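> Residue numbers (numbering that gives the first Met the number 0), protein chains in the order written: chain A, 0 to 244; chain B, 0 to 290; chain C, 0 to 258.
Since the hints were made in silico from the structure, they are not lab data.
This structure is a prediction, so every number in the text was calculated from the model and none was measured.
Don't take every hint at face value.
Unchecked claim - Think about it this way: if two alpha-carbon atoms lie no more than 30 Å apart in a straight line, the pair counts; the simulated DSSO-like pairs of lysine-lysine are: (1) A/164 x A/188; (2) B/155 x A/188; (3) A/100 x A/121; (4) A/121 x A/188; (5) C/63 x C/75; (6) A/28 x C/155; (7) C/238 x C/63; (8) A/121 x B/155; (9) A/164 x A/28.
Unchecked claim - Derived Cβ-Cβ restraints for the label pairs, each shown as a range: (10) B/257 x A/136: 47 to 57 Å; (11) A/185 x B/145: 49 to 59 Å; (12) B/269 x A/136: 45 to 55 Å.
Cβ coordinates follow ideal geometry from the N, Cα and C atoms, glycine included.
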Amino acid sequence: MVRSATDGADIVLRVTGLEVRYGVIPAVKGVSFAVPRGRLHVIVGANGAGKTTTLKAITGLIRASGGTVELGGRPIHRLPAHEIARAGIAMVPEGRRVFAKMSVYENLLMGSFAQRGDPRLKQRMEAVLERFPRLRERTSQLAGTLSGGEQQMLAIARGLMAEPKLLLLDEPSLGLAPMLLEEVFAIIKRINDDGVTVLMVEQNSQQGLQVANWAYVMELGQIVVQDEARRLLDSDEVRRAYLGG
Amino acid sequence: MLIFAQQVINGLMAGSAYSLLGLGFTLIFGILNVINIAHPEVFMVGAFLGWMLVTYANANLLVAIVGATIGASIVGVLIERIAIRPVRSALVLSPFISTAGVSIFLQQGAARVFSPEPQPYPPSMATVFHDVGGLQFSTMQVISLAVGAALMIGLKLFVDRTWLGRAIRATAMDRETASLMGVNVNTVVALTLVIASALAAVAGVLVSVAYNSTWAFMGITYGLKGMAVMVVGGVGSLEGAMAAGLILGVAEALTVGYISSSYRDGIAFIILTFILLLRPSGLFGQRERQR
Amino acid sequence: MITTATALLQVDRLTKRFGGLVALDRVDLTIWPREIFSLIGPNGAGKTTLFNVVAGIHPSDGGKVLFRDADITWRKAHDITALGIARTFQNIRLVPTMNVLENVMLGTYSRTKSNLADIFFALPRDRAERRQARERAEELLATFGMADRRAFMPTKLPYGDQRRVEIARALASEPALLLLDEPSAGMNPREMSELLDLLLQIRETGKTIFIIEHNMRLVMNISDRVAVLNFGTKIAEGKPAEIQTHPRVIEAYLGSKRN
Chain A
0 MVRSATDGAD IVLRVTGLEV RYGVIPAVKG VSFAVPRGRL HVIVGANGAG
50 KTTTLKAITG LIRASGGTVE LGGRPIHRLP AHEIARAGIA MVPEGRRVFA
100 KMSVYENLLM GSFAQRGDPR LKQRMEAVLE RFPRLRERTS QLAGTLSGGE
150 QQMLAIARGL MAEPKLLLLD EPSLGLAPML LEEVFAIIKR INDDGVTVLM
200 VEQNSQQGLQ VANWAYVMEL GQIVVQDEAR RLLDSDEVRR AYLGG
Chain B
0 MLIFAQQVIN GLMAGSAYSL LGLGFTLIFG ILNVINIAHP EVFMVGAFLG
50 WMLVTYANAN LLVAIVGATI GASIVGVLIE RIAIRPVRSA LVLSPFISTA
100 GVSIFLQQGA ARVFSPEPQP YPPSMATVFH DVGGLQFSTM QVISLAVGAA
150 LMIGLKLFVD RTWLGRAIRA TAMDRETASL MGVNVNTVVA LTLVIASALA
200 AVAGVLVSVA YNSTWAFMGI TYGLKGMAVM VVGGVGSLEG AMAAGLILGV
250 AEALTVGYIS SSYRDGIAFI ILTFILLLRP SGLFGQRERQ R
Chain C
0 MITTATALLQ VDRLTKRFGG LVALDRVDLT IWPREIFSLI GPNGAGKTTL
50 FNVVAGIHPS DGGKVLFRDA DITWRKAHDI TALGIARTFQ NIRLVPTMNV
100 LENVMLGTYS RTKSNLADIF FALPRDRAER RQARERAEEL LATFGMADRR
150 AFMPTKLPYG DQRRVEIARA LASEPALLLL DEPSAGMNPR EMSELLDLLL
200 QIRETGKTIF IIEHNMRLVM NISDRVAVLN FGTKIAEGKP AEIQTHPRVI
250 EAYLGSKRN
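So that you can see chain A by itself, here it is in the shape it has in the complex (with noise of 0.2 Å):
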């Protein structure tokens, strides 16, 4: 029997033939995949595999030369980005990207932008805020001001103020100490075993697949391999993906 990512379960994100180009270099040749409510799915390969792409299709920063996205069933891949932001869809970009000249408090303001007038904001900041008790020491300080470390704790919270359909994490051990880089993945772990569903590209695909429930192995722009991630973990095919052979 061909195990699968996703049976009988209820999808939250379909990815079906995605490709993109830039210019006349494709990038993504082709990829499909889906998620279902609750789970926590790792894309990991190589730098250049296509990884960052993919998700930057999906959140509409980059607009896809062929294949279909559906978010809950329904078709997102023509709207513009705020308008996928708008549907349901949170990303913590690659390399943080927090909002440097405002405050922490602002920055998770602006990740519930697409809520605003909502009266549960309060509640929603006050449990992230929970979450997160070292930002809570630091509503007021610039953003920019805050350590690495704390920059991608801001980084997904600002994602959860959302609280999105599914939360989007672009390498979020990218630049971190080994320390924190533990820290940082038990957190994606709880958020998700909060019932929050995630996906998440990760080049430290060891990190990466020690969280996830499923794993995508891509390189040059394709899928190669998918499986439980834990079977993946020291696996032959992720070792060749990287280095080949």
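Starting from the known structure of chain A, fit chains B and C onto it as the hints suggest.
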């Protein structure tokens, strides 16, 4: 002492117009990373719209300002759509050239329609001077200062405290990430152009009424000063543009009062240059860190 | 002194700093004649920096570069080309206003001896050299199977062909050592296998190839030896099969596990 107080009052009044123009430059630059050379022409168009409303429709000052604001905002948004957006992804200097083209077009257009001579207001708008303890000031000066101050405080509150204001700041800092938060960047750009154009139009009407002169080429000197105000205040800084505009206005007025009106611009710009020597990124500017 | 084999290129404890960042930290490499030698490593490992120091674009902050036993560490970029090292770039840099043949001819000019007067008055030496340059360029395009495209403007060609023109231009300077910076970037599988054949063919003509490459299939298929950089330090060197199973290489690429 009396001369000093008198010139400070005169300077603040002229300076608030520089501030309003400088604020527009800095807002547009913050969002689009473009110096909109045609922005001073929005100031001129606003002045003419106000003048037409007063002259041909017998409108009062308030109606003239509101009408000018609406009309100039449309012109400002159109300039972005026609001359900035299509060339923004090309060379960095392209919008510089295309907006300069729009600027020449609007100046010459106004000169053709209204003649190249300054147009006076009808006598109904004549300024009334008051004398309080030897200080002379006109009703228009009081109105100008009050309106200018109200606009600046209002703008600061809007940008700092409201959702849309935050969206403007977020877009200025990182366009792409702002769109990931659900901000419609195109709406923010249009909103910014409307705000910048409205500020310019109000300044245009107030200046042209105060000096009883509406002129096709009035944007040139005011535009240059508005740009200087943006740079001296620190590019992207609202407080900076406000302060620098007022400093420039007061410096000019004091030069006129104590030295000679022929040295007005020269000395004022020497002071601005001196500020830049002391603070190269402007009064409130932060040195940009390379990412 | 009798030597059985002389290294073509030796990089000796090469160090390069950018501000506080150490881009290369005492890197040693030895490349033998007629070798295909690959340099790999995660992004930002210092690979292109090493090329730039070897090619004389960045000055060294420590250590030496020897080419045929001669110290070239402080030579200028154009001298190094004249000595016999040619390179291609990560992003293709062809002259868009010149056709394919003219672009390849450009590569020959480090070999010409005409002076300004010869060129200005179109004296015999210049005319002869132009003719030779043209012949040499046409010959190269023929070997590359591109003779029929010599009059095309480079931007009209598919990506893989543009790469080949760039490699032909580098070869036109008759180098002993060819530095290729990510030659397969953006190529489709067919172009990639053509590139592989082309590189083997170039090696057959007696050239040595030093290559930076992300595509592991290409690297592992054509390289005689592979060196791995990570954060500016050489962490491994050896035959492809050794590199693929080297623990430090696996950690550099796949990340370390939690304990």
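> Quick check: which numbered hints come out false for this structure?
Structure breaks hint 2 only.
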